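Undergrad: Chains A and B supply the protein sequences, listed in that same order. Residue 304 is where the first sequence starts when you use this note's numbering, and the numbers rise one by one after that. Residue 16 is where the second sequence starts when you use this note's numbering, and the numbers rise one by one after that.
Read the hints as simulated data drawn from the structure, not as lab findings. Hints may be right or wrong, so weigh each one.
[What the hints assert, rightly or not] Calculated cross-link-like contacts (lysine to aspartate or glutamate; reagent style DMTMM-like; alpha-carbon spacing at most 25 Å):
1) A:K354 with B:D26
2) A:K344 with B:D82
3) A:K357 with B:D26
4) A:K344 with B:D97
5) B:K18 with A:E360
6) B:K18 with A:E355
7) B:K121 with A:E345
8) B:K84 with A:E345
9) A:K347 with B:D46
For clarity, every value in this text was computed on a predicted model and none was experimentally measured.
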Amino acid sequence: EAGVTQFPSHSVIEKGQTVTLRCDPISGHDNLYWYRRVMGKEIKFLLHFVKESKQDESGMPNNRFLAERTGGTYSTLKVQPAELEDSGVYFCASSRATGDKGYTFGSGTRLTVV
Amino acid sequence: LAKTTQPISMDSYEGQEVNITCSHNNIATNDYITWYQQFPSQGPRFIIQGYKTKVTNEVASLFIPADRKSSTLSLPRVSLSDTAVYYCLVGAEYNFNKFYFGSGTKLNVKP
Chain A
304 EAGVTQFPSH
314 SVIEKGQTVT
324 LRCDPISGHD
334 NLYWYRRVMG
344 KEIKFLLHFV
354 KESKQDESGM
364 PNNRFLAERT
374 GGTYSTLKVQ
384 PAELEDSGVY
394 FCASSRATGD
404 KGYTFGSGTR
414 LTVV
Chain B
16 LAKTTQPISM
26 DSYEGQEVNI
36 TCSHNNIATN
46 DYITWYQQFP
56 SQGPRFIIQG
66 YKTKVTNEVA
76 SLFIPADRKS
86 STLSLPRVSL
96 SDTAVYYCLV
106 GAEYNFNKFY
116 FGSGTKLNVK
126 P
């Protein structure tokens, strides 16, 4: 089966601009997660979708971040306006509803804000 | 979230068995222990998961003592391609809402 796909793989934008990251989960995976690693720190949870609903968005850093998953398929994470501290790698992962041992992660999007 | 503590780095040689220990003193009753492997420029990859005692798959073994306050990932006969960061995560199996990744252990396998 195809894995979790993220694009773009790299994005360089200027401070104040908007960037939209996309994640395509494995087909049939109802659960979709966003994580990020910023400035060489630890990978941290951002939010969790179950189908199109936000199950937990407690990790979202502030209201400049907006995640959507219309139709319960792919998800987008928009950063508007981007700040320098948003630079890092954004990972998406997916899993089945229950009984799935572990997530499947995508390769991530490296975001650089200059 | 149950936090985990791992060594920052480890060195090994090809063909050796590598054991990476993780401490998780505040693990909850319904928490499972899961290990991930991450190569540069890739997302973390699931290796193994267990609740107690010992679990073995084609890649690794996971040893969990009775008190479950620690766990050990065992990689048999490592090769250069096993050089990666290994993360120990603790969370409820059916509540994978979020994991605490920690800093992970950077394993460096030398020829």
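Undergrad: Confirm or reject each hint.
TA: Going through the hints against the structure:
no.: 1; hint: A:K354 with B:D26; in the structure: violated, 42 Å
no.: 2; hint: A:K344 with B:D82; in the structure: violated, 30 Å
no.: 3; hint: A:K357 with B:D26; in the structure: violated, 41 Å
no.: 4; hint: A:K344 with B:D97; in the structure: holds, 22 Å
no.: 5; hint: B:K18 with A:E360; in the structure: holds, 20 Å
no.: 6; hint: B:K18 with A:E355; in the structure: violated, 29 Å
no.: 7; hint: B:K121 with A:E345; in the structure: holds, 13 Å
no.: 8; hint: B:K84 with A:E345; in the structure: holds, 22 Å
no.: 9; hint: A:K347 with B:D46; in the structure: holds, 18 Å
Hint compliance for this structure: hints 1, 2, 3, 6 are not met, and every other hint is.
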